[in-house]
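Participant: Protein sequences, first through last, are from chains A and B.
The first sequence maps to residues 1 to 191 in UniProt numbering.
The second sequence maps to residues 1 to 191 in UniProt numbering.
Worth flagging that the hints you see were computed from the coordinates, not collected in a lab.
All residues carry an ideal CB built from backbone N, CA and C; glycine is no exception.
Misleading hints may appear alongside valid ones.
To be verified - Label pairs and their calculated CB-CB ranges:
(1) B:K35 - A:P49: 28 to 38 angstroms
(2) A:A31 - B:E117: 33 to 43 angstroms
(3) A:S113 - B:Q141: 40 to 50 angstroms
(4) A:M30 - B:A139: 36 to 46 angstroms
(5) A:Q77 - B:A118: 23 to 33 angstroms
(6) A:R18 - B:K32: 17 to 27 angstroms
There are 2 protein chains.
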Amino acid sequence: MRTKDKNKMTAIRQATLRLAREQGIQNLSMAKIAKQAHVSPATLYIYYPDQKAMFSQIYLEVKDIIDGDLYHEVDRQAPVRVQFEALMLNYAHTTLSHPDETNFMQAVQQNPSLVSEAAFQKGQQRGAYLEALYQRGVAEQLLQALPLPIVVAHTFQPLAYLVQTATQTQTALPDKWLKQSIQMSWNALRV
Amino acid sequence: MRTKDKNKMTAIRQATLRLAREQGIQNLSMAKIAKQAHVSPATLYIYYPDQKAMFSQIYLEVKDIIDGDLYHEVDRQAPVRVQFEALMLNYAHTTLSHPDETNFMQAVQQNPSLVSEAAFQKGQQRGAYLEALYQRGVAEQLLQALPLPIVVAHTFQPLAYLVQTATQTQTALPDKWLKQSIQMSWNALRV
Numbered sequence: 001m002r003t004k005d006k007n008k009m010t011a012i013r014q015a016t017l018r019l020a021r022e023q024g025i026q027n028l029s030m031a032k033i034a035k036q037a038h039v040s041p042a043t044l045y046i047y048y049p050d051q052k053a054m055f056s057q058i059y060l061e062v063k064d065i066i067d068g069d070l071y072h073e074v075d076r077q078a079p080v081r082v083q084f085e086a087l088m089l090n091y092a093h094t095t096l097s098h099p100d101e102t103n104f105m106q107a108v109q110q111n112p113s114l115v116s117e118a119a120f121q122k123g124q125q126r127g128a129y130l131e132a133l134y135q136r137g138v139a140e141q142l143l144q145a146l147p148l149p150i151v152v153a154h155t156f157q158p159l160a161y162l163v164q165t166a167t168q169t170q171t172a173l174p175d176k177w178l179k180q181s182i183q184m185s186w187n188a189l190r191v
Numbered sequence: 001m002r003t004k005d006k007n008k009m010t011a012i013r014q015a016t017l018r019l020a021r022e023q024g025i026q027n028l029s030m031a032k033i034a035k036q037a038h039v040s041p042a043t044l045y046i047y048y049p050d051q052k053a054m055f056s057q058i059y060l061e062v063k064d065i066i067d068g069d070l071y072h073e074v075d076r077q078a079p080v081r082v083q084f085e086a087l088m089l090n091y092a093h094t095t096l097s098h099p100d101e102t103n104f105m106q107a108v109q110q111n112p113s114l115v116s117e118a119a120f121q122k123g124q125q126r127g128a129y130l131e132a133l134y135q136r137g138v139a140e141q142l143l144q145a146l147p148l149p150i151v152v153a154h155t156f157q158p159l160a161y162l163v164q165t166a167t168q169t170q171t172a173l174p175d176k177w178l179k180q181s182i183q184m185s186w187n188a189l190r191v
């Protein structure tokens with residue numbers, strides 16, 4: 001793909017992420033996105049056959065950013081608790097530095113029908129290692145065996161709330177708070 | 001106030017809550033709300049001078065519904081843990097049965113500038129008893145002394161996520177899950 005095309009696709013993605021934050025993902029249209037990205041609607045349709053295809057592609061790109069950082073400098077041979085703490089801290093830092101991407105990712109996860117089933121499944125698969133880590137914790141009798149939505153509710157959700165509040169009020173989120181919250185998630189899950 | 005007026009105000013509130021869920025609170029306008037409520041824009045302005053005044057009033061009505069149920073059958077002399085569990089379970093049940101009201105309340109809490117400062121402060125005051133209960137738990141050396149956003153992140157947020165997921169996917173949320181999640185919140189907070 002030529003550089004020019006890549007630039008256009010980046011502009012389209014940025015426009016989509018920005019509008020999704022400002023207006024809510026359910027209120028976007030191809031016309032609005034084209035206008036914000038300074039391309040013609042016809043150009044938009046060169047890259048994407050429809051809005052669902054576009055959202056699917058952007059969702060996977062955004063998941064690459066967030067999930068790609070998740071395992072940064074995490075030793076996959078380390079004890080479960082060490083890996084858990086490192087992963088959670090990476091998640092907090094990445095979402096803090098990518099608020100629009102995080103907002104888009106969460107909006108899709110709340111409304112999976114916005115993207116193709118294939119894209120959603122592919123996005124979910126990337127969480128497989130994290131789920132395996134949790135199951136290892138259960139097998140080692142460190143963590144309770146719980147339904148996955150409850151695990152998510154007590155791990156990613158508290159961090160996501162702290163990040164979102166800090167982003168919206170434009171206040172700093174001290175690393176001490178993040179580490180405290182991660183300890184509390186561990187205490188919630190542990191046997 | 002005459003019954004007819006009350007009916008109109010109820011219709012306006014229902015229209016606002018519904019549109020806020022469907023389109024996002026930041027995308028509402030007085031014109032849209034009047035149309036959805038089947039009243040003329042002029043009628044809307046008889047009751048409310050502007051959108052902020054209307055949102056402020058609706059916010060306090062919605063807080064009355066959610067917070068009013070919070071203390072239902074809670075013995076304020078009971079041990080901290082018993083009260084905590086009862087309050088959290090009431091919160092889960094009320095938000096499950098009032099998804100539109102809960103969505104509106106959370107949207108305002110994420111964007112306090114949507115309502116008047118007086119209304120927001122009044123809404124916050126109603127959480128004072130809950131905060132006092134938490135402080136009692138700290139004083140009794142049962143709970144950790146933590147910044148309030150972290151407390152909220154590990155108590156209301158996990159429940160809110162489970163309720164939201166169940167509402168959006170239209171699946172049942174077993175009481176067993178709710179009770180499990182509430183135990184986990186206690187474990188996260190406790191010393």
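Participant: For each hint, tell me whether it holds in the structure or not.
Facilitator: Status of each hint after checking the structure:
The supplied range of 28 to 38 angstroms is met by K35 (chain B) and P49 (chain A), whose beta-carbon atoms lie about 33 angstroms from each other. Hint check: A31 (chain A) to E117 (chain B), Cβ distance near 37 angstroms, so the stated range 33 to 43 angstroms holds. In this structure, S113 (chain A) and Q141 (chain B) meet the distance hint of 40 to 50 angstroms, their C-beta atoms being roughly 48 angstroms apart. At about 57 angstroms, the beta-carbon gap between M30 (chain A) and A139 (chain B) misses the expected band of 36 to 46 angstroms.
Between Q77 (chain A) and A118 (chain B), the C-beta spacing of about 57 angstroms breaks the proposed range 23 to 33 angstroms. Separation of R18 (chain A) from K32 (chain B) is about 23 angstroms and conforms to the stated range, judged on CB atoms against 17 to 27 angstroms.
Checked against the numbered hints listed earlier, the structure breaks hints 4 and 5; every other hint is satisfied.
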